[in-house]
Each structure stands twice: as C-alpha cells, then as structure tokens.
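This is what each chain is made of:
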Amino acid sequence: MRRKQRELSEFFYTALHSRGPQTGCSVEQPKPPSSTDTETPVSSTRIEPDLHPSLLTLFRIFILAGGLSFGGGAVAYLREYLVREEGWLDDEGFLGAMEISETLPGLNAVNMAIIMGDNLRGLAGAAVSVIGMLLPGTIVVMVLGILYQSNHSNPDVRRFLLGIAAAAVGLLSAVTLQIGRRQFRQLPDIAIIFVTFLAVSFVKLPLFVVLLGLGPISVWLYRPTVSKPRAQDEHLPFHRGERHHLFRH
Amino acid sequence: MTRLIHLFLVFALLSVMAVGGGTAVLPEMQHMTVHTFHWLTDAQFRNIYSLGQVAPGPNMLMVLVIGYQLAGWAGMAVVGIGFFLPDCVITLFVNRWWVHLGGWPWRTSIQRGLAPVAVGLMTSGTFALARLSILNVQTLAIAIAVFGILLWRHINPGVLVLLGGAVCILWR
Numbered sequence: 001m002r003r004k005q006r007e008l009s010e011f012f013y014t015a016l017h018s019r020g021p022q023t024g025c026s027v028e029q030p031k032p033p034s035s036t037d038t039e040t041p042v043s044s045t046r047i048e049p050d051l052h053p054s055l056l057t058l059f060r061i062f063i064l065a066g067g068l069s070f071g072g073g074a075v076a077y078l079r080e081y082l083v084r085e086e087g088w089l090d091d092e093g094f095l096g097a098m099e100i101s102e103t104l105p106g107l108n109a110v111n112m113a114i115i116m117g118d119n120l121r122g123l124a125g126a127a128v129s130v131i132g133m134l135l136p137g138t139i140v141v142m143v144l145g146i147l148y149q150s151n152h153s154n155p156d157v158r159r160f161l162l163g164i165a166a167a168a169v170g171l172l173s174a175v176t177l178q179i180g181r182r183q184f185r186q187l188p189d190i191a192i193i194f195v196t197f198l199a200v201s202f203v204k205l206p207l208f209v210v211l212l213g214l215g216p217i218s219v220w221l222y223r224p225t226v227s228k229p230r231a232q233d234e235h236l237p238f239h240r241g242e243r244h245h246l247f248r249h
Numbered sequence: 250m251t252r253l254i255h256l257f258l259v260f261a262l263l264s265v266m267a268v269g270g271g272t273a274v275l276p277e278m279q280h281m282t283v284h285t286f287h288w289l290t291d292a293q294f295r296n297i298y299s300l301g302q303v304a305p306g307p308n309m310l311m312v313l314v315i316g317y318q319l320a321g322w323a324g325m326a327v328v329g330i331g332f333f334l335p336d337c338v339i340t341l342f343v344n345r346w347w348v349h350l351g352g353w354p355w356r357t358s359i360q361r362g363l364a365p366v367a368v369g370l371m372t373s374g375t376f377a378l379a380r381l382s383i384l385n386v387q388t389l390a391i392a393i394a395v396f397g398i399l400l401w402r403h404i405n406p407g408v409l410v411l412l413g414g415a416v417c418i419l420w421r
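Protein sequences, first through last, are from chains A and B. In terms of our numbering, the first sequence has 98 at position 98, counting the first letter as 1, and numbering is strictly consecutive. With positions in the second sequence counted from 1, the corresponding number in our numbering is that position plus 249.
Please note that a few of the clues may not be correct.
[Unchecked claim] As a list, the in silico SDA-like pairs of lysine to any residue whose alpha-carbon atoms are at most 25 Å apart:
(1) LYS204/A to PHE286/B
(2) LYS204/A to ILE404/B
(3) LYS204/A to ARG380/B
[Said to hold, decoys possible] FRET-style restraints, in silico, Cβ to Cβ:
(4) LEU258/B to ARG223/A: 29 to 39 Å
(5) GLY351/B to HIS152/A: 46 to 56 Å
(6) PRO224/A to HIS287/B: 45 to 55 Å
(7) VAL408/B to VAL143/A: 17 to 27 Å
(8) LEU212/A to PHE342/B: 32 to 42 Å
(9) ILE330/B to PRO188/A: 36 to 46 Å
These aren't lab readings, by the way, just hints derived from the structure by calculation. Because the structure is a prediction, the values reported are computed rather than measured. From the three backbone atoms N, C-alpha and C, an ideal C-beta is built for every residue, glycine too.
Hey, can you work out the whole structure from these sequences and the hints?
Below is the structure:
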C-alpha cells in the first residue's frame, strides 16, 4: 500500500509540475519522489526564507493530502511533498510544526495545515490550506451521511457500519499504542495515563475537570529543574524520531 | 434556533478540549450527544462515526453529519464552524507566538506533561468506541485482527476498515 501511495504521489508530482506556473524555486533540484530513504539532504540544504508557493499550489497540495489519506496519513503526505519534494520546509521546521500541533487541542491534520500554511503564506495560506485539507472529506462524508439517512434501516448497511466501527477499535488501539509508545514505557507516564483513563471512562468525570485537574499536575511533574537540565530528545514526547505510518489526526 | 446554539456550544467546547486529537473527545462527545441532549442513540452515534472512517481526511469530519442529521444544512455549518474554527484560531496564534517561547523552560514541561494525558484520553476514546461496537464474537474478532495486522505490517488502515465492514456483513 505504501508503494501504491508512492506511485500516486509520483503521479501527482508530475501532474503538478507539467502544468501551472512553477512557483517556489528550490535551491536544489527537487528530489525525485521515488526515494525511500528516511534521511533527506533537504535538512542540510539552506532554504531561503522567501520561497513562496502560490496560494493555488498550496491549495492543491492540501486537497491532495486531505483527499488521498483514506484511513489517515495526511501528515505523512504533507511531509513527503512539502519537505522532501519541494523543500519549502526543512525537517526541523516540520518537526517544530508537529510539536505545536500535537500539544495544542484540535485535530492534528488541521493544526498542521494551519501551521504550514501560515509559515509559508501567512493568514491566507493558513486559510487556503485548512480548507483544502477538509474539503474532499467534507464532500464525501456529507454524501455518505445523506445516503445513510435514507438507508439506515437496511440491515446490511447497519452490519457494514458496525464492522467498520469494530475495525476502527483495532485501528485506534494500534494508533494509541504507537503514539504513546514512549509514555507506555515510563512509570510516571503510565500512572498518568491510567488515572486519566479511569477518570474519564469509569469515574466519568467531565472532560474539562480531567484536563484542568490532571493537566497541571502532569506538567508540574515535569517542571523545569534548575540544576540539572533535561536531555532534550530523551524527554520530548512523541515528536522526535522515526514516525510511524499509523500516525494520524 | 435553540438547538443550533446548543450544537454550536457543544462542539466548540469539544474543540478546545481536544488535547490529543479527535479520539480524545470521543467519550465526551458521545456523552453529550447521547445522554445529555438525547440527540442521538448509541447506535446512531456509532454508525455516524463509521461514516467518518470511510471518508478521506480527518475522521472527525463525521461531526458534520451529526449536525446535518439534527438540524439540516444549518446544523452542519454550525457544527463545522464550532468544531474547527476555535482550534484553527488558537493554533494560528500559538504558532506565531511559539518561537518566542524557545528559551522558556516550561515549554518543554507543558509538552512533556500533556503527552501522557493526551494518550490517556485517546485510550478512553478507544474504550468508548469498543463499548459501542464490540457486541459479539464477530466484532471482537474484527477488532483484534485489525489491531494485530497493523502491528505486524504496513497496510493502509482504510483498506482494513472497509474489510472489517465486509466481514461483518458476510460472517453471521
């Protein structure tokens, strides 16, 4: 399936480059999209700050990211295109965007669209990017929603949707395990995860109580120490290092 | 009109509490739409969630269908604005402000401290969906199979989700 996605991205890559004005002159020739290595020379390339993709190009990229990411993976697509192929962002910039979008509330893909659009083209870029990211899914989900309204009593439709929800349980379990792989290995984190889970799922406290109660406690546990500065990479949450294919929203 | 206002407020509130993404607010969303406001039944909530899994892009776009089901196109618009706009505004401001926090030691503490809370909330979201959808041996088997396959291989999750639906129709 990754190969399939890569072929798709290769297709759109050529499609995007054969028509439309060339915007954003990369310092290097854009890398051919067939490279599979995780280390890219992009991060070592000096990116000039005035590389501006046009708003239309940005819109197209985010429409593709939002429209091709069935079962997630929009963020991986963005990295492939914006960092590896065009070099509009370097790896450091991309990881910085991940840090912000994962710490802030909201869907990860949406936060990423806002940050990247804003960094590349300001407010207009952010607006264009987030609309592009959400547009294909909005159209499809509304068509499905209208179809569902007229077919919701069909037993096969109900069974199909039930099976999808059950499969989604497996998917969410794998995603949660993957995103929290560092947290699930450390005792204080495991305790916080467990208490949060109990508070929401069994004590059934309102979410704002959990966030306002446990959030500050957890942040306090990791308060800055004056004498012994923490080793940065080791203590950062899930932002660093090899990212998993499952990563989504 | 009252319903539109309620819809907007509920989803705007969920939006700003979504630390850890859409899955993190799933239990609260289910609680509010099913138990507090009685807008949907558990089964309807589950089915609409499944529609989001089939559509491309963020799965949480399914909130638009909730809005549409309850108040037509106006409901869809109100829910869409409520659920997406506050986060977009927050992210935009924090993004411009974040670089200035580079040397602030608490920045790392906040990131580090919120991460396990977010993972705990995602666990609760997964658990809430499991309570709604693991109803018999078939659904349990589908969930375990998808989980196992995803840990084992790089397979597009969208394909597995559709297969799960197909298996559930055929295996009675």
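Hint by hint, here is what the structure shows:
no.: 1; hint: LYS204/A to PHE286/B; in the structure: holds, 17 Å
no.: 2; hint: LYS204/A to ILE404/B; in the structure: violated, 35 Å
no.: 3; hint: LYS204/A to ARG380/B; in the structure: holds, 14 Å
no.: 4; hint: LEU258/B to ARG223/A: 29 to 39 Å; in the structure: holds, 34 Å
no.: 5; hint: GLY351/B to HIS152/A: 46 to 56 Å; in the structure: holds, 51 Å
no.: 6; hint: PRO224/A to HIS287/B: 45 to 55 Å; in the structure: holds, 46 Å
no.: 7; hint: VAL408/B to VAL143/A: 17 to 27 Å; in the structure: holds, 20 Å
no.: 8; hint: LEU212/A to PHE342/B: 32 to 42 Å; in the structure: violated, 20 Å
no.: 9; hint: ILE330/B to PRO188/A: 36 to 46 Å; in the structure: holds, 39 Å
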